[in-house]
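**Student:** In this note's numbering, the protein residues as written are 88 to 427.
It is worth saying that the hints were derived from the structure and are not from the lab. Owing to the predicted nature of the structure, the values given are computational and were not obtained by experimental measurement. Beta carbons: idealized from backbone N, C-alpha and C, even for Gly. Some hints could be false.
Stated by the list, open to error - Here are the simulated distance ranges between beta carbons:
no., residue 1, residue 2, range
1, V279, I191, 39 to 49 Å
2, R337, I264, 28 to 38 Å
3, V170, P312, 52 to 62 Å
4, Y355, I298, 23 to 33 Å
As the list claims (entries may be wrong) - Derived lysine-lysine pairs resembling DSS-like cross-links, with alpha carbons at most 30 Å apart:
no., residue 1, residue 2
5, K268, K153
6, K243, K268
7, K232, K243
8, K243, K153
9, K334, K243
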Amino acid sequence: MTADEKHSHNTAVDRRIPEEDPAAPIPYYPGDSKNDIKKELGAIEAEVGSLDEEAELEESILLVPKVVRELISMDDDPTLPTVTFRYFVLSTIFISLGAVISQIAWFRTTSASYSMFFVQIMSYWLGTVMARVLPSKNVNLGLFKFNLNPGPFSVKEHVLVTLAASAGATSNLGEIIVSVKDIFYHERMHPVAAIFVMWATMWMGYSFAAIGRSFLLYDPQLIWPSALYQTALYRTLHSDDKGVTSKQLRVFWIILAGVFFWSFLPEYAFPFTSSLAILCWFAPRNDTIKFISSGFGGMGFLNFTLNWSNVTSSIMVSPWWTQVIGFVAFVVSVWILVPI
Numbered sequence: 088m089t090a091d092e093k094h095s096h097n098t099a100v101d102r103r104i105p106e107e108d109p110a111a112p113i114p115y116y117p118g119d120s121k122n123d124i125k126k127e128l129g130a131i132e133a134e135v136g137s138l139d140e141e142a143e144l145e146e147s148i149l150l151v152p153k154v155v156r157e158l159i160s161m162d163d164d165p166t167l168p169t170v171t172f173r174y175f176v177l178s179t180i181f182i183s184l185g186a187v188i189s190q191i192a193w194f195r196t197t198s199a200s201y202s203m204f205f206v207q208i209m210s211y212w213l214g215t216v217m218a219r220v221l222p223s224k225n226v227n228l229g230l231f232k233f234n235l236n237p238g239p240f241s242v243k244e245h246v247l248v249t250l251a252a253s254a255g256a257t258s259n260l261g262e263i264i265v266s267v268k269d270i271f272y273h274e275r276m277h278p279v280a281a282i283f284v285m286w287a288t289m290w291m292g293y294s295f296a297a298i299g300r301s302f303l304l305y306d307p308q309l310i311w312p313s314a315l316y317q318t319a320l321y322r323t324l325h326s327d328d329k330g331v332t333s334k335q336l337r338v339f340w341i342i343l344a345g346v347f348f349w350s351f352l353p354e355y356a357f358p359f360t361s362s363l364a365i366l367c368w369f370a371p372r373n374d375t376i377k378f379i380s381s382g383f384g385g386m387g388f389l390n391f392t393l394n395w396s397n398v399t400s401s402i403m404v405s406p407w408w409t410q411v412i413g414f415v416a417f418v419v420s421v422w423i424l425v426p427i
């Protein structure tokens with residue numbers, strides 16, 4: 088055995104036997120750098136920490152109800168575009184349109200609601216068209232730089248457009264004060280004061296929402312049924328499985344067409360189907376029976392409707408127990424307290 092071989096053999100033996108060094112915080116082997124060992128231990132600790140975080144994340148996911156886990160993806164893609172040029176254009180269109188329709192409808196007895204389903208579907212179609220038509224060009228406005236077409240229309244853009252429309256495309260409750268003062272008391276409020284009154288009512292609602300978000304939004308056990316079907320539509324429209332998406336969209340368009348054509352029957356062909364007051368049929372001249380059975384100006388007892396605009400879609404997404412509570416509250420307030 089040569090001298091070099093003996094040296095390498097002794098070094099290998101020494102590496103298998105740790106050498107104590109009281110000055111070192113961790114054991115090391117001759118020929119190894121303390122910094123390298125510390126880096127290795129740091130990597131191991133980081134890996135163990137990431138495993139612990141994954142375990143905690145899995146436990147937190149298990150706290151989410153099953154129906155939410157099946158509809159909502161727990162994965163996030165931070166590379167998807169969010170606040171883009173398409174978002175500003177589409178949100179401005181749907182907010183303006185919805186605000187005008189909602190405000191005009193506020194003064195009418197019967198009116199068509201500005202559905203967020205309409206916003207979801209139309210914004211997806213327009214966003215997809217803009218992603219195909221707009222050029223991928225960078226625009227420089229000094230302090231602001233953006234790309235006209237950063238890529239395919241993402242689900243995050245889609246959600247932001249719908250959220251903006253649902254928040255801004257509504258009538259303002261503050262205008263009730265302005266309208267009542269003008270119509271019934273003949274007192275014209277100053278435009279600046281009217282604007283501040285409407286702002287105050289709007290921000291008061293947001294402040295109450297901020298106060299209740301800790302126990303109404305952040306608790307994973309609390310489910311908002313009205314948000315689940317919107318999430319299901321997002322997932323269907325942006326799913327990578329085009330086969331499943333096409334089947335679900337086909338069913339959706341068939342049902343939508345049926346609802347669209349059926350809505351003409353109560354409005355124009357058979358208006359009486361909007362309010363089927365059974366008791367009024369037997370006593371049409373009795374004012375007491377009219378008040379008890381009328382659905383528009385009375386208690387609505389034994390009154391049925393075949394008009395979808397009166398039924399609305401809330402009964403299809405609300406849990407059974409919430410419908411029972413709402414019906415009991417209606418019976419107590421309208422059928423018991425009002426006659427008293």
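**Student:** Hint by hint, note whether the structure agrees.
**Tutor:** Against the structure, the hints:
1. Between V279 and I191 the CB atoms are about 23 Å apart, so this pair departs from the stated range of 39 to 49 Å.
2. Judged by the Cβ atoms, the range 28 to 38 Å given for R337 and I264 is violated: they are separated by roughly 48 Å.
3. Distance hint check: the CB atoms of V170 and P312 are about 29 Å apart, inconsistent with the given range 52 to 62 Å.
4. Checking the proposed 23 to 33 Å range against Y355 and I298 shows it is violated: the Cβ atoms sit about 46 Å from each other.
5. Simply put, K268 and K153 have alpha-carbon atoms about 51 Å apart, too far for the 30 Å limit, and the pair is violated.
6. Distance hint between K243 and K268 is unfulfilled; the C-alpha atoms sit about 43 Å from each other, more than 30 Å.
7. For the suggested pair K232 and K243, the alpha carbons sit about 20 Å apart, so the restraint of at most 30 Å is met.
8. About 23 Å separates the Cα atoms of K243 and K153, which keeps this hinted pair within 30 Å; it holds.
9. At roughly 23 Å between alpha-carbon atoms, K334 and K243 fall within 30 Å of each other, so this suggested pair holds.
The structure shown violates the earlier hints numbered 1, 2, 3, 4, 5 and 6.
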